[in-house]
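**Student:** Chain by chain, the residues:
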Amino acid sequence: MSIHYFANPARFTRLAGRIQPWAGGLTAVLLLIGLYMALVEAPADYQQGDTVRIMFVHVPAAWMAMFCYTFLAVASAVALIWRHPLADLAAKASAPIGASFTFLALVTGSIWGKPMWGTWWVWDARLTSVLILFFLYLGYMALWEAIEDGQKAGKAAAVLALVGAVNVPIIKFSVDWWNTLHQPASVLRMDGPAIHSSMLWPLLIMALAFKAYFVTLLLARMRMELNLRRIRAMRLAERTS
Amino acid sequence: MFQGRDIACERGERRIFTGLNFTVAPGQALVLQGPNGCGKTSLIRIAATLLKAADGALTWNGIDVAENPEGHRANLHYIGHQDAVKGALSVRENIAMWARIRATTDDQTEAAMAAFDIAHLADTPTQYLSAGQHRRTALARLVASPAKLWLLDEPTVSLDQAGTACLQQAIAAHRAKNGMVMAATHIELGLDDAQILQLQPQLMTL
Amino acid sequence: MNIFLAIITRDLLLAVRQGGATFLALVFFLLTVTLFPLGIGPEPAILARVAPGVLWVAALLAAMLSLDRLFQADFEDGSLEQLTLSGLPISLIVLAKIITHWLTTGLPLLLAAPVLAILLNMDNEGFAALLLTMLIGTPALSLIGAIGAALTLTVRRGGVLLSLLVLPLYIPVLIFGVSGIDAAVHGLNAKPHLLLLAALTVAAIPLCPWAAAAAVKLSLE
Chain A
10 MSIHYFANPA
20 RFTRLAGRIQ
30 PWAGGLTAVL
40 LLIGLYMALV
50 EAPADYQQGD
60 TVRIMFVHVP
70 AAWMAMFCYT
80 FLAVASAVAL
90 IWRHPLADLA
100 AKASAPIGAS
110 FTFLALVTGS
120 IWGKPMWGTW
130 WVWDARLTSV
140 LILFFLYLGY
150 MALWEAIEDG
160 QKAGKAAAVL
170 ALVGAVNVPI
180 IKFSVDWWNT
190 LHQPASVLRM
200 DGPAIHSSML
210 WPLLIMALAF
220 KAYFVTLLLA
230 RMRMELNLRR
240 IRAMRLAERT
250 S
Chain B
25 MFQGRDIACE
35 RGERRIFTGL
45 NFTVAPGQAL
55 VLQGPNGCGK
65 TSLIRIAATL
75 LKAADGALTW
85 NGIDVAENPE
95 GHRANLHYIG
105 HQDAVKGALS
115 VRENIAMWAR
125 IRATTDDQTE
135 AAMAAFDIAH
145 LADTPTQYLS
155 AGQHRRTALA
165 RLVASPAKLW
175 LLDEPTVSLD
185 QAGTACLQQA
195 IAAHRAKNGM
205 VMAATHIELG
215 LDDAQILQLQ
225 PQLMTL
Chain C
30 MNIFLAIITR
40 DLLLAVRQGG
50 ATFLALVFFL
60 LTVTLFPLGI
70 GPEPAILARV
80 APGVLWVAAL
90 LAAMLSLDRL
100 FQADFEDGSL
110 EQLTLSGLPI
120 SLIVLAKIIT
130 HWLTTGLPLL
140 LAAPVLAILL
150 NMDNEGFAAL
160 LLTMLIGTPA
170 LSLIGAIGAA
180 LTLTVRRGGV
190 LLSLLVLPLY
200 IPVLIFGVSG
210 IDAAVHGLNA
220 KPHLLLLAAL
230 TVAAIPLCPW
240 AAAAAVKLSL
250 E
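Residue numbers (my numbering), protein chains in the order written: chain A, 10 to 250; chain B, 25 to 230; chain C, 30 to 250.
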């Protein structure tokens, strides 16, 4: 079965329609279990108290921020190299989801930082890198919006996504470099001792819940985009017939 | 010999034409005809490799153009809707500059200006020219450096009768030297013996 | 090679004839730097402390502002498609235009930077490093910027979008550039910073023209 098997939009829509409720259900179940374990079962941290529970949202969101960008870059590469017609759709659909996860990671990080560092924001290497990642998402989405011709927009955005993907490690490295030069002494490091299993399990389940949520949203957005394209094609047909 | 086989074109998720075949032999001319929106400009841009065909292949003496697109581009002159003439440069500078960029060893700038009757404007910055003189400056590129294939998209726009006559002569001279011409035009260009390629507007399909 | 040089000569001639662009970039550079003492106060010690960063940020913005003209004028009057038909691979055409962009913006900014460094009371130790980081780093600004300029070619009023696309990619250049000067000012070894900056520029030389060429090709279709 070639990768073009699901290139047929109708076949994809049917398959996506079948998967989507399951992914949605999985999201709900995992989220319920994960939240219960994170908020009720997991012990409070002996140093940070209940604030540590923000981690169960913050860390999976930060993982998703990276995951979505990787997904976007891979989908863009598939769109550019193999011209798979659904790949640029998948890339486009994943961008706002990734941007939202990135934003969530930034906001929860900031809320977590207030009790930990006594300030809403520090120019910590990780926060700064994630902020820049957020800008990359915004640029990608803005480029899609700005170019009117859908096919051109897709290819241009794919080029940008690949350039961004090459740059993400360089940016990360440079920000780490910058941060070691300007390291304020008072900042508490978060990567302390190895995490205890009572915290690890809820963290992993929450991460899986976020992944399932990503799949649900991605399929929904791709189906929506396909429908929009069909509407556009029909309008075009009406106008010219 | 320049050929296109089974050329299809898609613009903005819309099929413009499919299954188009054409052949231009040395010394021959091919005139594209058809109503607005039937894809004359697109076909010429495909022939210039500025636009990618949705399907089909172009061949130059039997060899696929896609194997060496740069070589193909160096073999052709393209006159599009825009003149590519810089207002800050004089007529001579504009023409000579394009001849240099075509890496020609045989710079015919003066002859080109004479052919389009703009030699008296040679040192005038092109921002002071009329639309017709501007167009002649653009067309003079055809003569200033040699190329086997001329792709002309409505080359007579804003030309007066004298200007059109200049172009007719240039095309005749080009064909006499075994040059090829592919043109989209609705004006008589002394191409009575040309082949006609009639393009039809496509019916919409989803 | 002849075509490559012909394109550079052409663009330089046009830059001289049409003028203005280099001058505007320089004035913008000067003005932005002037804003900082007005914004944060004339205290010489503070200015000396922030000078490397201010100079680099201002130079980066000045280089970015002139980017939208890199391909735009040629795109609008049809010259860009004619250039791609010259028989030279598009990535080399893009590289020729990047070189011209550096000669008409990066180089003048580099030459103006020491004067502005004096105005900001920068430490004498930093001048060599300032020139060196600018010499190594500004080509990367032109190279990376070309991608943004090519991607926004078909966008009406693409200037703001261009900055959104390009500025995040400029961050490593800024960081290594400023940290190189800072190291020199503090009597530390500036070499690792300079080497990293050079690595960025060297990596950008083959990659950026290639990506920008893909974007140019797209906008001509």
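I should point out that these hints are in silico values taken from the structure, not numbers from a laboratory.
Because the structure is a prediction, the values reported are computed rather than measured.
Treat the hints with care, since some could be wrong.
Distance condition first, Cα-Cα at most 25 Å in a straight line; then the derived DMTMM-like pairs of lysine to aspartate or glutamate [stated by the list, open to error]: (1) A:K161 / C:D106; (2) C:K220 / A:E154; (3) B:K76 / B:E91; (4) A:K161 / B:E94; (5) B:K76 / B:E94; (6) B:K76 / A:E154; (7) A:K161 / B:D130; (8) C:K246 / B:D147.
**Student:** Give a verdict on every hint.
**Tutor:** Now the hints, each set against the structure:
Restraint check for K161 (chain A) and D106 (chain C): satisfied, since their Cα atoms lie roughly 21 Å apart, inside the 25 Å limit. For the given pair, K220 (chain C) sits about 43 Å from E154 (chain A) by alpha-carbon distance, which is inconsistent with the 25 Å threshold. Between K76 (chain B) and E91 (chain B) the CA atoms are separated by roughly 14 Å; this keeps the pair inside 25 Å, and the hint holds. For the hint linking K161 (chain A) to E94 (chain B), the alpha-carbon distance of about 23 Å falls within 25 Å, and the restraint holds.
With a C-alpha separation of about 14 Å, the suggested pairing of K76 (chain B) with E94 (chain B) holds against the 25 Å cut-off. Distance hint between K76 (chain B) and E154 (chain A) is fulfilled; the C-alpha atoms sit about 24 Å from each other, no more than 25 Å. Using a Cα cut-off of 25 Å, the hinted pair K161 (chain A) and D130 (chain B) is violated, with the two alpha carbons roughly 39 Å apart. About 34 Å separates the Cα atoms of K246 (chain C) and D147 (chain B), which puts this hinted pair outside 25 Å; it is violated.
The structure fails to meet hints 2, 7 and 8 from the earlier list, while all remaining hints are met.
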